[in-house]
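Model the placement of chain L on the given structure of chain S, informed by the hints.
If you read the protein sequences in the order shown, they are chains S and L.
Per full-length UniProt numbering: the first sequence = residues 1 to 102.
Per full-length UniProt numbering: the second sequence = residues 1 to 102.
Because the hints were derived from the structure by calculation, they are not lab data.
As the structure is a computational prediction, the values presented were derived from the model and not from experiment.
Some hints here could point you the wrong way.
Copies of the same chain look alike in the list, so a pair counts if it works inside one copy or between any two.
Derived SDA-like pairs (lysine to any residue); straight-line CA-CA distance at most 20 Å [claimed, not checked]:
hint, residue 1, residue 2
1, K16, R93
2, K32, I100
3, K9, V54
4, K32, E71
5, K9, S45
6, K16, G96
7, K32, G96
8, K32, D101
9, K9, G96
10, K9, D47
11, K9, D48
12, K9, A87
13, K32, G99
14, K9, V21
15, K9, T51
16, K9, R93
There are 2 protein chains.
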Amino acid sequence: MSKFAMYGKLTASPGKRDELVLILLEASRSLKDMAGCELYIINESVDDPDTIWVTELWSDGEAHAGSLKNEEVLAVIQRARPLIAGAEQVRLRPVGGKGIDV
Amino acid sequence: MSKFAMYGKLTASPGKRDELVLILLEASRSLKDMAGCELYIINESVDDPDTIWVTELWSDGEAHAGSLKNEEVLAVIQRARPLIAGAEQVRLRPVGGKGIDV
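Next comes chain S alone, as it looks inside the complex (with noise of 0.2 Å):
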């Protein structure tokens, strides 16, 4: 089964954004110990001060969707749904490059 990335755009409520990242960088600690997960990097956007993107790598589109199931992340969703003003995800096919082992 081919690997599954995946990056999810973040808009903040404004001013939320700073809030936000420190949420989603507690949530990359409990994703530390995930095996399936192999990237989880929280950037903020250079040109959009309201937005976060995610750069999420994962072995296959299963370890992601189990993911979504976790009891720590659920939480962690559920606190950071106030501060999230919009969603949208860019969903990907990893095929090889530096940095990634396909």
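Same frame as chain S, now just chain L:
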């Protein structure tokens, strides 16, 4: 200096995505030994048959800018150009997460 990340969106000319992916994979091999380049992952969009997204992570913005002066990289850009119908960038400031040291 903080790290620099980027999503590079490339729209291939119709039917040319596979060919463009091969050129980018070749480019990524010439980046293997470039110290400032931490990630250069080539992804096919799941939802758009002409789209490629490249996930880039660099030690800093200067390392990225420097790579664009590298002869091998320039040669690859020249070869790829006729296959590219459009290009966009999302410029990012990584703040932490899994798979990155900041």
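Cross-check of the supplied hints:
1. K16 / R93: between (31 Å within a copy, 17 Å between copies)
2. K32 / I100: both (17 Å within a copy, 11 Å between copies)
3. K9 / V54: both (7 Å within a copy, 16 Å between copies)
4. K32 / E71: within (15 Å within a copy, 38 Å between copies)
5. K9 / S45: For K9 and S45, the Cα distance is within 20 Å both inside one copy (10 Å) and across copies (15 Å).
6. K16 / G96: Intra 35 Å, inter 18 Å, cutoff 20 Å: inter-copy only.
7. K32 / G96: between (23 Å within a copy, 12 Å between copies)
8. K32 / D101: both (19 Å within a copy, 13 Å between copies)
9. K9 / G96: between (23 Å within a copy, 16 Å between copies)
10. K9 / D47: This pair counts as both: shortest intra-copy Cα distance 13 Å, inter-copy 16 Å.
11. K9 / D48: Classified as both: same-chain Cα gap 11 Å, cross-chain 17 Å, threshold 20 Å.
12. K9 / A87: For K9 and A87, the Cα distance is within 20 Å both inside one copy (6 Å) and across copies (19 Å).
13. K32 / G99: both (17 Å within a copy, 9 Å between copies)
14. K9 / V21: within (12 Å within a copy, 24 Å between copies)
15. K9 / T51: both (7 Å within a copy, 17 Å between copies)
16. K9 / R93: both (17 Å within a copy, 14 Å between copies)
Hint check: no violations occur; every hint is consistent with the structure.
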